[in-house]
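**Q** Now for the letters of each chain:
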Amino acid sequence: MTTNILISELRKNQPRFRGLESGHRACLGCGEALIARLVTEAAGPDVMVANATGCLEIFTTPWPESAWRVPWVHSLFENTGAVAAGMEAALKAQGKSTKVLAFGGDGGTFDIGFQALSGMLERGHNVLYVCFDNEAYMNTGIQRSSSTPHAAMTTTSPPGKMRMGKRHLKKDIVSIVAAHHIPYAATSSVAYPSDIRKKVRRAMAIEGPTFLQVHSPCPLGWGYEGDQSIAVARLAVQTGLFPIIELERGELASVMPLREVLPVSDYLRTQQRFRHLFVDDLRAREELEHIQALADHNIEIYNLRGVGLDAFDSEGMDTVRRGGGRWA
Amino acid sequence: MLEALEGSQAVAKAVALCRPQVIAAYPITPQTHIVENISKLVADGKLQCEFISVESEFSAASVVLGAALAGSRAYTASASQGILLMGEVLFNIAGMRVPIVMTCANRAVSSPLSIWNDQQDSMAVRDAGWIQLYCSDNQEAVDSTIQAFRIAERSELPVMVCMDGFTLTHTMEGIEIPTQQQVDAFLPPYKFSRSLVPNNPISLGTLVSPEFFSEARYSHHKALLNAEAEIVSADRDWAALTGRRCGGLLSVEGPEQSKVAILTIGSVLGTLREALRELPSGQPVKLISLRSFRPFPVDALKVACKGLDDVIVLERAFSPGSGGIVGLEVLGALSELANPPRVHNFAAGLGGRDIPLEILPKLLAVLSDPGDGRFRVIDVDLSKLPVEDR
Chain X
484 MTTNILISEL RKNQPRFRGL ESGHRACLGC GEALIARLVT EAAGPDVMVA NATGCLEIFT
544 TPWPESAWRV PWVHSLFENT GAVAAGMEAA LKAQGKSTKV LAFGGDGGTF DIGFQALSGM
604 LERGHNVLYV CFDNEAYMNT GIQRSSSTPH AAMTTTSPPG KMRMGKRHLK KDIVSIVAAH
664 HIPYAATSSV AYPSDIRKKV RRAMAIEGPT FLQVHSPCPL GWGYEGDQSI AVARLAVQTG
724 LFPIIELERG ELASVMPLRE VLPVSDYLRT QQRFRHLFVD DLRAREELEH IQALADHNIE
784 IYNLRGVGLD AFDSEGMDTV RRGGGRWA
Chain A
150 MLEALEGSQA VAKAVALCRP QVIAAYPITP QTHIVENISK LVADGKLQCE FISVESEFSA
210 ASVVLGAALA GSRAYTASAS QGILLMGEVL FNIAGMRVPI VMTCANRAVS SPLSIWNDQQ
270 DSMAVRDAGW IQLYCSDNQE AVDSTIQAFR IAERSELPVM VCMDGFTLTH TMEGIEIPTQ
330 QQVDAFLPPY KFSRSLVPNN PISLGTLVSP EFFSEARYSH HKALLNAEAE IVSADRDWAA
390 LTGRRCGGLL SVEGPEQSKV AILTIGSVLG TLREALRELP SGQPVKLISL RSFRPFPVDA
450 LKVACKGLDD VIVLERAFSP GSGGIVGLEV LGALSELANP PRVHNFAAGL GGRDIPLEIL
510 PKLLAVLSDP GDGRFRVIDV DLSKLPVEDR
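For the record, the sequence lines run as chains X and A.
Residues 484 to 811 (the working numbering) are what the first sequence spells out, left to right.
Residues 150 to 539 (the working numbering) are what the second sequence spells out, left to right.
Now the stretches of chain X that chain A is said to cover, found in silico as 3 or more residues with beta-carbon under 8 Å:
| hint | region |
| --- | --- |
| 1 | 551-559 |
| 2 | 566-574 |
| 3 | 598-611 |
The set of hints was computed from the structure by calculation and includes no laboratory data.
We put the beta carbon where it would ideally sit given N, CA and C, even for glycine.
Using the sequences and the hints, build the whole thing.
**A** Structural data, given as structure tokens:
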């Protein structure tokens, strides 16, 4: 038996709230689009969003269209923390409990919007700030940011006779944020959807500033096929290059354990932005060693080595009971 | 009842009477006294609002933007470098057509560094798309601040109330502070047509393609032109309520038969009024005080200047490499008249240089010796400059 049902009716009957609808213009395999959907799904409809300039802003709202089902505002690149703070102050003055979310890329968070973010954290605004970390200025055409990992190639950190990609280290933003002694700061990765949802729910329940840095692979900027996003993002975690951690009031509260640590070359080899490290060249070998040392350092300081099976996660893991080694 | 109040203190009281829900500010001379007074009112429980001491003027403007969008009446104040640091946000607020009121305690812009008064700061952001009202005394600063909230909220445009730093902000005057009942009768509670609410989600500040951009800019321009009516009606209704008016778009005083007018903007009006009273020759001179610089009141100005032979524009800022800012706009507006008056343009009082009563004969001297008719900076002592700069 078939039943005719209106699309609008079907949407109303959706079991899950969707804050970001399909039809937006993100690239195939975009990490940000998936993260935004997961974050708003977990946060629910009683929110409003301040969004920094960047890919997420551009691909979701080409006038007169919008893919958002939550109240959403884009003001500028570098003021998202402050706009969110103003929204929160207004809601507080009106006695409303709607939660304010702030969305920014790594450029809008680590670099140009850093001051406004710091001010928002210091003043204790009840805002969940989500950083979509794709490790470069992708919207303007892949320029290096302070989040770009060491040795990565971007259009402003190209390798050449005198350079091996980006000369500087990736900024440790989550530690800097946590140093504001906010109640909760965490990292997550699009490769672990239930981890994202769990952390968003956790942050939503906290009255005060919270911060979530989500590793967001970019097929175009990193140089890999769009269907590999989750695999690439997962390798960043499994090699120790992107530790998944939680910090409460500045103190390390938990980490996602790595049951089987993979060598960094497994991750780097998947992406064109590191291809200059895989040539027969002494400098390339040195850089690979350097990056391995950075991963080893992460594993050491956060004590990432776990035991047993590797963490396995997929969408719905937190709501559907499955067997196997499950983290969290 | 008149109260002896410092300009900043009076403005703080006026702001409080408007029941703002969110105020964000960053300290900068000569604006600081305003937000200091407001924070005291908050601390004493005389004003219920979220007072946010932000980490920069850039964030002050951004916080009030977020607050207004989330449905609260919002206010900020700044000056000089702070106004310029806000610059990007000021354009953004206006382009989004968000009603916000800001006081600009006019001050010179570095470099060279000067904490003293001129109007280079607000003039530098004249194209941001804000309404700009200039005050000639502190009573006007109080009344214009209250009117500004109504103008902003009715026209869905931000309003910058400009008052000369120190000359007004730090000067004690006898001021009539309106009652709460008067302000409540004049200013209904804040309501913004495009507030963010979860049960009716909208997206604001989206990307606009060339296909729509010209229309967006045109509608912004029209909104500012249409705001003239709101500025006039706010002043008229305020006068009906309190008996005081601020001059609407501009005010004219002086003998009807005058063939000469001096056009000013801001607090120098009082100096010229005083100087004219003491003028021995008794030459009839009108004084035109431009209150609304944006929207620029072309029609009102044409009416005010009709039949005049000479208009002397005196301003407290200029555009290096070009000349007077107000002067050029006055010249443009009056060129539409059948027999336009000659426009003479001077800048004075830069970076806190005093404008004494003796300025009047210097201005009027231009009538007998118009020179090359170009813009001039009054009171430049060339002996202070190296020879090649003279």
